Each structure stands twice: as structure tokens, then as C-alpha cells.
Amino acid sequence: MNDDVMIRCDGVGKKFCRDLKKSLWYGVLDSARDLFRRRQPMIRRETESLRNGEFWANRDISFEIKRGECLGLIGRNGAGKTTLLKMLNGLIKPDHGFIKVRGQVGALIALGAGFNPVLTGRENIAVNGAILGLSKQQISEAVDDIIDFAELPHAIDSPVRNYSSGMSVRLGFAIATCIRPEVLIVDEVLAVGDADFRLKCLKRMRNVLKNGCAVLLVSHNMTDIRNMASTALWMQDGKCQAIGEPYKVVSEYLGTSCSDTAEIEWEDPSAAPGGDSVSLRRVAVLPVDINKPISISTGAKIQLAFDCHELGLRLGFTLEVCTEEQIVVFHTGGSLTPNGDSVRANYNVDVTVPSFLLNSGKYQLSVTIDESQCIALVHVPNVVTFQVGHESLGVNHAQLPGVVAPKLTWKCHTNEQSLI
Amino acid sequence: MSTANFPLTTSNSDCAELPVVIYSPASPLAHPGKLIGEIFSDLWRCRELTWILFTRDLKAQYRQSYFGYIWLFVPVISTTVVWMFLNSTQVIQVAETPIPYPAYVMLGTMIWGVFTSAVGQPLASFQAGQSIFMKLKVPPEAFILAGMSKIVFELLIRMIVLVPVFMALKIVPASTFWLFPVGLAAAGLIGAAIGFLMIPLGSLYSDVSRLVGTVISFGMYLTPVVYPPPTSGWASTIIQWNPMTAVVMVTRDWLTLGHSTFLLPFLVTTMIAAIVLFAGILAFRVVLPHLIERMGM
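Protein sequences appear in the order of chains Y and C. Read in order, the letters of the first sequence correspond to residues 1 to 420 in the numbering used here. Read in order, the letters of the second sequence correspond to residues 1 to 297 in the numbering used here.
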């Protein structure tokens with residue numbers, strides 16, 4: 001193993017069984033096999049085949065994490081992320097392949113494990129720290145910092161059962177971050193806690209990475225994955241669906257859950273979204289080109305076409321553009337018939353999105369047509385998806401951080417005299 | 001917002017020195033020496049954790065109570081009182097005991113209590129810590145050892161009761177009284193051996209602990225705990241062959257009489273138990289990943 005590789009997974013597979021009784025019985029069989037067949041050559045047939053009721057919770061997972069690298073693990077619930085983490089942490093054994101881990105493994109999982117509700121926060125720091133493998137001396141040295149970091153100076157001497165769940169998780173995280181492992185496994189712990197605390201946690205993780213630790217991060221927050229991870233692995237049904245540059249993998253992953261077209265037209269009015277008064281005909285973000293994203297320097301045009309079947313409505317429209325992480329970039333609209341004088345006709349609305357507004361990336365457009373600004377006649381969330389690209393960043397259209405990418409004007413003055 | 005200053009000092013030394021662990025489907029018993037070394041180094045590494053867990057349980061147990069440790073004396077005293085009552089009212093006829101009956105029962109239940117607690121403790125500790133073992137890599141042996149320490153601690157407290165009882169009943173301890181703790185330790189060892197063997201199957205199926213519980217409560221009456229061993233009849237044969245008879249009798253006799261006819265079976269039983277315990281600890285380690293796997297996610 002290369003000296004810099006901290007975790008190496010090679011063709012790792014794990015079988016699980018959904019049926020409880022069968023699962024327990026397989027547990028007995030596996031235990032007996034390990035106890036009584038010491039030098040079993042792991043017969044290929046045995047490791048490859050599934051028993052009745054079993055399925056692959058993990059299948060052929062291979063990757064490497066080096067020092068200072070962070071692997072972001074993404075995927076829907078039940079995709080096998082936690083199973084993989086458990087194997088990396090050495091809690092359960094792979095049924096196939098092998099895992100090599102260099103150095104001490106620490107895990108930010110199950111924050112506050114072993115907290116006793118009757119004991120005070122201070123007493124629980126000692127217990128939890130010891131469970132995480134800290135020595136008594138390390139704990140007593142860090143105890144003030146822990147209380148400070150968890151922001152619990154007032155509550156620390158009251159029983160933990162009086163804490164809110166947020167407070168006990170904060171305390172758990174503060175203790176857990178005292179560990180100094182060479183490999184850190186983080187499982188969706190940033191989801192809890194308030195915004196301030198989240199920022200502190202992210203900062204702490206960056207420090208850990210800077211110190212040459214290898215981090216494996218599981219998160220459903222794609223912004224965290226993009227910001228922290230150097231590689232992303234997308235798992236689906238226990239298999240590795242994609243692995244590589246985080247921006248690309250995250251886009252692919254998010255792409256599975258929304259429409260993937262920049263133009264949509266309803267030929268059949270009865271199938272179109274809408275009701276008796278208004279029905280949508282067409283939504284498009286131009287220019288449409290499957291091979292090329294919309295250039296950041298030309299801007300885009302949003303086209304909206306709908307049929308109105310009723311007279312005398314005060315029609316208006318609203319457009320909402322979201323990033324893939326569902327961050328709203330803008331929410332805007334206008335009034336089409338402000339005087340309540342709609343006619344039975346086909347309405348076409350062209351909206352211009354200026355250049356140097358949207359950053360490169362994938363966006364989703366939601367459309368609403370309303371009456372008197374309060375009754376939604378048509379509402380289609382994420383009706384089309386379009387992509388904006390930055391030519392100067394090359395064909396990969398890697399993204400710069402940020403939601404918007406404005407072109408700023410600046411002036412630079414020099415004053416040589418003042419240096420003398 | 002306060003910012004804590006943790007000493008972020010992950011060792012940047014040559015990482016080639018870092019230990020490498022390999023997880024694969026192979027059985028750890030393929031390298032038994034490595035496995036044994038691992039278990040004992042884990043236990044040594046976790047001595048602080050064991051102590052902290054022990055004190056945690058102790059503190060937590062009596063924090064929500066006014067009488068606290070006084071409750072520890074209650075079982076010994078109540079069992080003794082019940083049997084004294086049964087004996088004095090002649091409801092149950094108990095043969096003549098070599099020492100006053102209350103002391104006989106008290107010592108018997110004390111020894112038997114150590115045995116039964118030691119049988120149940122490993123599985124109970126393992127199950128109590130399940131939520132931790134399935135998420136964090138921590139040796140469950142430390143949790144079990146902490147549970148065992150609790151038994152020892154409670155025993156020490158109960159032994160204090162013996163002093164006033166012996167004085168009141170004018171019993172003079174035999175010269176071999178210092179061997180009494182050795183006997184208690186043997187009772188605990190035998191219990192722990194059974195307890196460790198129970199964990200693999202017992203953590204998967206609740207039938208095991210129920211079955212063992214039933215057998216043990218029945219076993220108390222096949223062991224001379226509250227009555228002296230009968231000398232005739234079919235019951236005497238069973239009691240003679242019951243390995244716990246020797247342990248209870250020898251331990252009690254060491255404190256009170258100074259001589260015992262059961263010394264040889266006592267030694268044999270203890271030796272076998274020690275071997276079984278060692279095998280049980282090894283087996284537990286081997287099957288541990290499979291047990292954690294079946295606990296759920």
C-alpha cells in the first residue's frame with residue numbers, strides 16, 4: 001500500500017437479509033463458520049452467492065483515500081452508505097473483498113453515545129471521552145474547551161436528561177472532535193445543530209484535513225460535499241454509481257431526481273398542467289442546445305406560453321430559479337393583465353435573464369400563473385432544467401463558488417509618492 | 001460566538017509507521033496468537049474506560065434514591081429472614097447445620113448470588129451497550145468487565161453484614177477465613193464462564209437467557225445453599241454430582257469450619273471453568289462482528 005493511502009477498499013461487498021428470523025439464523029451460521037473452520041479458503045462460490053432472502057447491501061465498492069483527502073459519500077437513504085462506514089470502522093466484516101486502513105480510525109457517529117441521562121454533562125464528558133478512546137488526562141485537559149465549544153457553560157452541571165436534543169448533540173460533537181485520529185469518519189452529524197454551530201463544525205473539519213487526516217464524509221447536504229470533499233462517491237442500491245470530481249458527481253446524483261430538459265411543450269391541452277381558466281402550453285429556456293450549456297456571457301431567455309379560456313382575469317406570472325441544492329436564486333414575476341382584462345387567447349411571455357447573473361451550474365425553473373396575485377391557476381415546480389457554463393473554465397464547466405457570478409467594475413489607483 | 005482552541009496536532013510523522021489493519025471475510029482464528037494479543041492489549045488499553053464505566057453505573061444507579069447503598073444489604077438480609085422464618089415455624093424441615101442456621105443461609109445465598117450474577121452479567125452488559133457497539137469501535141469486554149466489577153463491589157459491601165452477624169451468633173471464623181474470597185472468586189469465575197458462552201447465541205435469541213435463568217433458579221434447590229447436603233436418597237446423588245455443590249460448600253467451610261470434604265471437585269471445577277472462560281472470551285471476539293451485524297443498523 002502506498003504510504004499516503006490511508007483507506008483502501010477493494011471490491012468490497014456485504015450481504016444483508018431483510019427477514020429477521022433468517023437473518024438471525026445466518027448470523028449463527030456465519031459465527032459457527034468463523035469458529036470451526038479456521039483455515040477456510042474463502043471459496044468463491046460461497047462469497048459470491050446469496051442465500052435465500054439475502055441481497056447485496058454493498059457490492060464491488062473500490063476506492064482509495066489519501067492523506068488530507070476527503071471522500072464525500074452521497075446517495076439516497078438505504079443506498080448502503082452506513083453499511084460501508086461500519087465496515088471501514090471495523091464493526092462488521094466484509095463478505096467479499098478487503099479493506100485496508102492505516103492509522104487510528106475515529107468516527108463522528110452516534111454523538112453522545114453512552115450518555116447517562118441521570119449524570120451531569122461534566123460527568124458524561126468523562127464517560128463519552130473514554131468510550132471514544134481518550135485518556136483521563138486528555139479529557140481533563142480538554143474539558144474546558146469542550147464546554148466552551150458546546151456553548152453549555154450554564155447547563156454543564158445539570159443532568160443530561162434536562163438537555164434538549166440539540167444541546168446533547170452539541171456536547172457529543174464537542175467531545176468527539178477531541179479525538180486525533182489519522183482517519184476520520186463523519187456520518188451526517190452536521191445536519192443537527194444551528195447554523196452557527198454548523199459553521200464551527202465545518203471549520204473544525206477543515207483543520208483536521210489540513211493536518212493530514214483522511215476524512216470520509218457522509219452527508220445529504222450537497223453544499224457540504226462540494227465544499228469539503230476532494231472526491232465524491234455516489235452509491236445507489238449498494239453499488240458505486242459514480243466516483244470522481246465532487247461537482248460532477250453531485251450534479252449527476254441530483255439530476256436523477258428532476259426533469260432533465262430545458263424545453264417542454266404540451267401538444268394535448270387536456271394533458272397540460274392547468275385548469276378550466278388557464279392551461280400551460282410551453283416552457284423553454286433558450287438557447288436550447290443539448291451539447292452546450294447556456295453561456296454565462298450571453299444570458300438566457302425564458303419563454304412561457306399558455307392558453308387563457310376566461311375573460312376578465314387579472315393574470316400574473318412568477319418564475320423561480322433554484323440551484324440543484326434548492327437554493328432560490330431569484331423569485332420574480334409580473335402582471336400580464338393588470339386591469340383584469342384577460343381575453344380568450346394564447347399568451348406568449350418572453351423573459352430575459354441578463355448575462356453575468358447566474359453562475360455556471362445546473363438550475364431548475366418553477367413556473368406559476370396566478371390570478372390577482374393570490375390564486376395560483378397553474379403551478380409547476382421544477383418544470384425545466386437548464387445549465388449555465390463559463391467558457392473560460394473549459395469544457396468541464398467546473399463551477400466557481402457562489403450562486404451568482406456578476407461582472408464587477410473596478411478601478412485601481414497607484415500612488416508612487418506615498419512609498420517614499 | 002466562542003472559539004475553542006483545541007491542540008490540533010495529528011502526528012505528521014512518517015505514516016509508514018502507522019499500524020495497518022485489514023478487514024476481510026477470513027476468520028480471525030486463522031491467526032489465534034494475534035487474536036489473543038489483540039484482546040489483551042485492548043483490555044489493557046481500556047482499563048481507564050472500564051473504571052469510568054464502573055463508576056458511571058455506580059453513581060447513576062443510586063443517584064435517584066434516598067437510601068442509596070443501603071439497598072445493597074436488603075437481598076441478603078431478606079433471604080436470611082425468610083429462611084429463618086420457614087425454619088423456625090417448621091414449615092420446612094432443615095437438617096442440623098454445623099453453624100447457626102441464619103449464618104448458614106446468609107453465606108450460602110451470598111456465594112450463590114455471586115454465581116448467578118456472574119452468569120447473567122456478560123450478556124446483560126453486552127445488551128446494555130448494544131447501541132454503542134453497533135456504532136462505535138470499542139471493546140465490549142471493557143463494558144462486561146465493568147459489570148463484573150460492580151458484582152465484586154456489591155459483594156464487598158454485603159460482606160460487611162457478616163461482621164455483626166458473626167458477632168451476634170458468636171461464630172468464630174476458621175483459620176482459613178482468608179480463603180473465603182478465593183472461593184467467591186471461583187464462584188464468579190464459573191458464572192462468568194457460563195455467561196461468556198451465552199453471549200453469542202444469547203444476543204441473537206432471547207430464548208437462551210430465559211432458559212439459563214430457569215435452570216439456575218431450579219439449580220439453587222439442587223445445591224446446598226439453604227440446607228446442608230443430604231446424606232441419603234436420590235437427591236443426595238444429584239447434589240453430589242452437581243459441580244456447584246463443591247463450590248458453595250468449600251467456600252462456606254473455608255470461612256466457618258476450616259476443612260471441607262469437597263476440595264478436589266472444587267479445584268477440578270474451577271480449573272475447567274477457567275479454561276472455558278478463556279475459550280468463551282476468544283469465541284466472543286471471533287463472532288462479535290456477526291453479532292453487531294445482526295443487531296441492525
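Quick caveat, the hints were computed from the structure, so don't treat them as lab data. No experiment lies behind these values; they were computed from the predicted model shown. Ideal Cβ positions, reconstructed from N, Cα and C, are used throughout, including at glycine. Treat the hints with care, as some may be off.
As the list claims (entries may be wrong) - Below, computed lysine-lysine pairings styled on PhoX-like, alpha-carbon distance capped at 20 Å:
no. : chain 1 : residue 1 : chain 2 : residue 2
1   : Y       : Lys210    : Y       : Lys66
2   : C       : Lys150    : C       : Lys34
3   : C       : Lys59     : Y       : Lys100
4   : Y       : Lys292    : Y       : Lys248
5   : C       : Lys59     : C       : Lys170
6   : Y       : Lys301    : Y       : Lys407
7   : Y       : Lys136    : C       : Lys137
8   : Y       : Lys66     : Y       : Lys21
9   : Y       : Lys100    : C       : Lys137
10  : C       : Lys59     : Y       : Lys136
Unchecked claim - A few chain C residues facing chain Y, derived, Cβ under 7 Å:
no. : residue
11  : Pro25
12  : Ser27
13  : Val138
14  : Pro200
15  : Met295
16  : Met297
- When the least beta-carbon distance from C:Ser27 to chain Y is tested against 7 Å, hint result: holds (4 Å)
- Query: When the nearest CB of chain Y is found for C:Pro200, is that gap smaller than 7 Å?
  - Reply: Given a least distance of 6 Å, the restraint on C:Pro200 holds.
- Can the restraint linking Y:Lys66 and Y:Lys21 be considered satisfied, given a maximum Cα separation of 20 Å? violated (41 Å)
- Holds or violated: Y:Lys136 with C:Lys137, Cα cutoff 20 Å? Holds. Y:Lys136 to C:Lys137 sits at ~18 Å (cutoff 20 Å).
- Query: Does the structure keep Y:Lys100 and C:Lys137 at a Cα separation of 20 Å or less?
  - Reply: holds (16 Å)
- Message: Checking one constraint from the list: CA of C:Lys59 to CA of Y:Lys100, max 20 Å. Satisfied?
- Response: Distance of about 40 Å is beyond 20 Å: violated.
- Message: Just to be careful, I want the Cα atoms of C:Lys150 and C:Lys34 compared with a cutoff of 20 Å; is the pair within it?
- Response: Roughly 30 Å between the alpha carbons, so the hint for C:Lys150 and C:Lys34 is violated.
- Hinted contact C:Met295 with chain Y - closest CB pair below 7 Å: With a minimum Cβ separation of about 10 Å from chain Y (threshold 7 Å), the hint on C:Met295 is violated.
- Task: Quickly compare the C-alpha distance for Y:Lys301 and Y:Lys407 to 20 Å and report which way the hint goes.
- Result: holds (19 Å)
- Supplied contact hint for C:Val138, tested at 7 Å Cβ to chain Y: Given a least distance of 6 Å, the restraint on C:Val138 holds.
- Query: Holds or violated: C:Pro25 as interface residue toward chain Y, Cβ cutoff 7 Å?
  - Reply: holds (5 Å)
- Was the hint right that C:Met297 lines chain Y, CB cutoff 7 Å? holds (6 Å)
Hint violations for this structure: numbers 2, 3, 5, 8, 15, all remaining hints satisfied.
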